[in-house]
Amino acid sequence: MIAYCGIDCSKCKSYIATQSGKREELETVARNLARAYHAEVKPEYVICDGCKEDKRHSFFCSNRCNMRPCCIAKNYTSCAECSGFPCAELECEIKNKPDAWENLEKMS
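Heads up, the sequence shown is in the working numbering, so the first residue is 1 and it goes up one at a time.
Please note that the accuracy of each hint is not assured.
[Said to hold, decoys possible] Each computed PhoX-like pair below joins lysine-lysine, with the alpha-carbon atoms no more than 25 Å apart:
#1 LYS95 with LYS106
#2 LYS13 with LYS106
#3 LYS52 with LYS13
[Stated by the list, open to error] Taking CB as the label site, the calculated pair distances span:
#4 ARG35 with PHE85: 28 to 38 Å
#5 GLU89 with TYR37: 17 to 27 Å
#6 ARG64 with ARG31: 11 to 21 Å
To be clear, the hints were calculated from the coordinates, so they are not data collected in a lab. As the structure is a computational prediction, the values presented were derived from the model and not from experiment. Glycine residues also receive a C-beta, built at the ideal position from the N, C-alpha and C atoms.
Can you make the complete structure from the sequences, with help from the hints?
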């Protein structure tokens with residue numbers, strides 16, 4: 001599954017840990033994110049079934065991501081469908097994710 005922003009959910013550590021159903025995998029992902037971002041990250045914060053699902057979304061997707069609600073409001077399957085593609089917000093979020101850019105380019 002490719003997220004609205006182009007990220008491949010099947011390669012996302014949060015998604016993989018969630019789908020495994022193993023608490024220890026969620027704890028590992030949370031610990032690594034906490035270390036990388038110098039922030040408190042609880043295992044519950046990384047639970048994610050993918051942003052295109054109406055199930056569980058990570059803390060980031062639920063609270064910080066503006067691409068998901070934008071695409072849903074416009075009935076788009078990805079940011080690549082937007083006349084404003086790529087917007088500044090998208091560029092900021094995925095600037096260091098070449099695979100996401102490549103996925104979106106393929107979709108445009």
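Hints and how they fare:
1. LYS95 with LYS106: Within the cut-off at roughly 17 Å; holds.
2. LYS13 with LYS106: At roughly 23 Å apart (the allowed maximum being 25 Å), LYS106 and LYS13 satisfy the hint.
3. LYS52 with LYS13: It holds: about 17 Å lies between the C-alpha atoms, which stays within 25 Å.
4. ARG35 with PHE85: 28 to 38 Å: 33 Å, holds
5. GLU89 with TYR37: 17 to 27 Å: 19 Å, holds
6. ARG64 with ARG31: 11 to 21 Å: Cβ of ARG64 to Cβ of ARG31: about 20 Å, so the range 11 to 21 Å holds.
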